Amino acid sequence: MDLLIAVTLFVLAVFLGVELITKVPPTLHTPLMSGSNAISGITIVGALVAAGADHSTFTAVLGFAAVTLAMINVVGGFLVTHRMLGMFGPKRRRDTSAQDRAASSAEGAGDR
Amino acid sequence: MDDWTTLGYLASAVLFILGLKRLSRPRTAVRGNQFGATGMLIAIVVTLTDNAILGFEWIIAGLVLGTAVGAVLAVRVQMTAMPELVALFNGFGGGASVLVAAASYIEAADLATDTPRLSAAAGLAALIGAVTFTGSLIAFGKLRETLKWSGFKGMQVVSVAGVAAAVVFGVLMVADAGNPLWIWLMVAVAAVLGVLVVSPIGGADMPVVIALLNSLSGMAAVAAGFVLDNSLLIIAGSLVGASGLILTQIMCVAMNRSLLAVMFSPAPSGAGGPSADDVYEGKVRSTSADDVAMLLEAAERVAIVPGYGLAVAQAQHAVRDLARRLEDRGTQVVFGIHPVAGRMPGHMNVLLAEAEIGYEQLIEMDDINPTFEQTDVTIVLGANDVVNPIARTEPSSPIAGMPILDVDKSGVVVVIKRSLSPGFAGIPNPLFAADNSMMLFGDGREAVVSITKALQQI
Chain A
1 MDLLIAVTLF
11 VLAVFLGVEL
21 ITKVPPTLHT
31 PLMSGSNAIS
41 GITIVGALVA
51 AGADHSTFTA
61 VLGFAAVTLA
71 MINVVGGFLV
81 THRMLGMFGP
91 KRRRDTSAQD
101 RAASSAEGAG
111 DR
Chain B
1 MDDWTTLGYL
11 ASAVLFILGL
21 KRLSRPRTAV
31 RGNQFGATGM
41 LIAIVVTLTD
51 NAILGFEWII
61 AGLVLGTAVG
71 AVLAVRVQMT
81 AMPELVALFN
91 GFGGGASVLV
101 AAASYIEAAD
111 LATDTPRLSA
121 AAGLAALIGA
131 VTFTGSLIAF
141 GKLRETLKWS
151 GFKGMQVVSV
161 AGVAAAVVFG
171 VLMVADAGNP
181 LWIWLMVAVA
191 AVLGVLVVSP
201 IGGADMPVVI
211 ALLNSLSGMA
221 AVAAGFVLDN
231 SLLIIAGSLV
241 GASGLILTQI
251 MCVAMNRSLL
261 AVMFSPAPSG
271 AGGPSADDVY
281 EGKVRSTSAD
291 DVAMLLEAAE
301 RVAIVPGYGL
311 AVAQAQHAVR
321 DLARRLEDRG
331 TQVVFGIHPV
341 AGRMPGHMNV
351 LLAEAEIGYE
361 QLIEMDDINP
371 TFEQTDVTIV
381 LGANDVVNPI
391 ARTEPSSPIA
401 GMPILDVDKS
411 GVVVVIKRSL
421 SPGFAGIPNP
431 LFAADNSMML
441 FGDGREAVVS
451 ITKALQQI
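Going line by line, the protein sequences match chains A and B.
Position 64, counted from 1, in the first sequence is what our numbering calls 64; the numbers after and before it change by one each time, with no gaps.
Position 319, counted from 1, in the second sequence is what our numbering calls 319; the numbers after and before it change by one each time, with no gaps.
Heads up, some of the hints might be wrong.
[What the hints assert, rightly or not] Here are the simulated EDC-like pairs of lysine to aspartate or glutamate, each with C-alpha atoms no more than 20 Å apart in a straight line:
#	chain 1	residue 1	chain 2	residue 2
1	B	LYS153	B	ASP114
2	B	LYS453	B	GLU327
3	B	LYS283	B	GLU327
4	B	LYS453	B	ASP321
5	B	LYS148	B	ASP114
6	B	LYS21	A	ASP54
7	A	LYS23	B	ASP291
8	A	LYS23	B	GLU360
9	B	LYS409	B	ASP443
10	B	LYS409	B	GLU394
11	A	LYS23	B	ASP367
12	B	LYS453	B	ASP278
13	B	LYS453	B	ASP291
14	A	LYS23	B	GLU327
15	B	LYS453	B	ASP443
[As the list claims (entries may be wrong)] Beta-carbon label-pair distances, calculated as ranges:
#	chain 1	residue 1	chain 2	residue 2	range
16	B	PRO422	A	MET1	51 to 57 Å
17	B	ASP443	A	VAL61	47 to 53 Å
18	B	ALA400	A	VAL61	52 to 58 Å
19	B	ARG418	A	VAL61	39 to 45 Å
20	B	LEU41	A	VAL61	22 to 28 Å
21	B	THR393	A	MET1	55 to 61 Å
22	B	ALA355	A	LYS23	55 to 61 Å
[Stated by the list, open to error] Listed next, the stretches of chain A that the computed footprint assigns to chain B, with coverage defined by at least 3 CB atoms under 8 Å from CB atoms of chain B:
#	stretch
23	20–27
24	33–47
25	72–80
Just so you know, these hints were derived from the structure itself, not from any lab.
Here the structure is a predicted model, which is why all the values come from computation and not from measurement.
Ideal placement from N, C-alpha and C gives every residue a C-beta, glycine not left out.
Excised from the complex, chain A in its bound form (with noise of 0.2 Å):
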């Protein structure tokens, strides 16, 4: 790739994550984060390449490492958010505060 095309591609998508992000509601920006940050694993594609390049022992080492490192990023990073982001799903919270509120009266009801 030509190198100009490659600062052009940098620079575009700069100006793209810019418009992207900018109005987003505070609830989500820690979704957001942890959802981003699994995408810069990204790096896991350089990764493969180096692990799988078949130069030497110790550059495979590294690719090992570096896949390892990666894919910790990427697996864990779109797991949690999946996992943070079902939290504020609307549809739950009204079925398990309706079953909250069914078991804290009926333990009123014992106090009392």
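Once you've looked at the hints, dock chain B against the given chain A.
This is chain B only, laid out in the frame that chain A set:
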């Protein structure tokens, strides 16, 4: 790289863009995250089927180990520990970029296929990635509160020397590209720099650091993309870099501090304002859980303002119970959330959502401020500087001009706090001595539990 690989990378780049867009709206956020994960899966599969991959044993070992560790960490983590986990993942991403750059640089040196462009990009990837790696590990330790070290005198001089050394090693990496020594020296000096830059930062500034490290991990991927000549790394890394920068900016605005101030003059001095004795002397009223329960019983509208202290005391479930109890009595309950209330951007919202408090009850600062005058009782729980009226009135104060929650305008303010100790800004808070304020001293969770109990007995 063949055409199919390039097209596959294009598909994942598009999925990342759509995913980030959907992640920024509550209704579509889950889908957005799935888009991102799908994009990543496509990128991995496409790379594995490309002819550049010759041996699979190391790859499979890395994929299995990384997946297992990542999944266990993600499933086990407590929501209060979310900031340190994100910091850790960030660091791993940065570390991976360093290793990718090093492997490519060494391979190119062995095969004599190196170019000045590859060497320079590898230098940048090693620098940014290693700073991200050690910086994130330090942030991880600080957030877990296992690491208290905040540096030594004259550290900034060492940092400047480190930056100069990094420039020298970067030039040597290009000028003497056959020698792998230079990239390891670069990694070493960058690792030290990461420690030096993040160590002095602490407390309320942590959200800014996490956001900045998030941005840097993206930039490290961009640099690795320049090393490998890979468009997907450049695009995806830039998107993350930009989003991290935006969040950094939002956090700085919320604290009325510039990024440079956060990084280079970490602890603002308590100077420039009245002393604690002048503010508190004879004016602080202490109260009991029973009295607070009586107040709440008579209130029609109650606002709860949670801060960092709520996260530390793990009081979110206790607060949920109190809010439910009040709602059952017909009291309106809202939560006022300051943008830097938690330990990372948006952290308080996650904690309260975990306790199943609906996000329609969480009101942002700008929306809740005009309503405090109609609020009968405001409970401040583990927040201090973000409710300090001095920010509005005292131009010489270190927090002057910082946007705050105007809780002092509500009918009665109950402040739940262990003592009158100052917040991160190190200044006294006249709110605690105001005529309409009372202090409920004690542990946040226990205090809320006793209020709820007292309310039950009324």
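Against the structure, the hints come out as follows:
1. B:LYS153 <-> B:ASP114: It is violated: about 41 Å lies between the C-alpha atoms, which goes past 20 Å.
2. B:LYS453 <-> B:GLU327: holds, 15 Å
3. B:LYS283 <-> B:GLU327: violated, 33 Å
4. B:LYS453 <-> B:ASP321: Status holds; Cα separation ~10 Å.
5. B:LYS148 <-> B:ASP114: violated, 43 Å
6. B:LYS21 <-> A:ASP54: Between B:LYS21 and A:ASP54 the Cα gap is close to 38 Å, so the pair fails against 20 Å, i.e. violated.
7. A:LYS23 <-> B:ASP291: violated, 43 Å
8. A:LYS23 <-> B:GLU360: holds, 18 Å
9. B:LYS409 <-> B:ASP443: Violated, at roughly 25 Å.
10. B:LYS409 <-> B:GLU394: holds, 17 Å
11. A:LYS23 <-> B:ASP367: holds, 16 Å
12. B:LYS453 <-> B:ASP278: violated, 36 Å
13. B:LYS453 <-> B:ASP291: Holds, because 12 Å separates the two Cα atoms, which is no more than 20 Å.
14. A:LYS23 <-> B:GLU327: Roughly 32 Å separates the two Cα atoms, so the pair is violated.
15. B:LYS453 <-> B:ASP443: holds, 15 Å
16. B:PRO422 <-> A:MET1: 51 to 57 Å: holds, 54 Å
17. B:ASP443 <-> A:VAL61: 47 to 53 Å: holds, 49 Å
18. B:ALA400 <-> A:VAL61: 52 to 58 Å: holds, 54 Å
19. B:ARG418 <-> A:VAL61: 39 to 45 Å: Because 50 Å falls outside the window, the suggested range is violated.
20. B:LEU41 <-> A:VAL61: 22 to 28 Å: holds, 25 Å
21. B:THR393 <-> A:MET1: 55 to 61 Å: holds, 57 Å
22. B:ALA355 <-> A:LYS23: 55 to 61 Å: Once the Cβ atoms are compared, 27 Å apart, the range 55 to 61 Å for A:LYS23 and B:ALA355 is violated.
23. 20–27: holds (count 8)
24. 33–47: Per the Cβ count (15), the hint holds.
25. 72–80: holds (count 9)
Checked against the numbered hints given earlier, the structure breaks hints 1, 3, 5, 6, 7, 9, 12, 14, 19 and 22 and satisfies all the rest.
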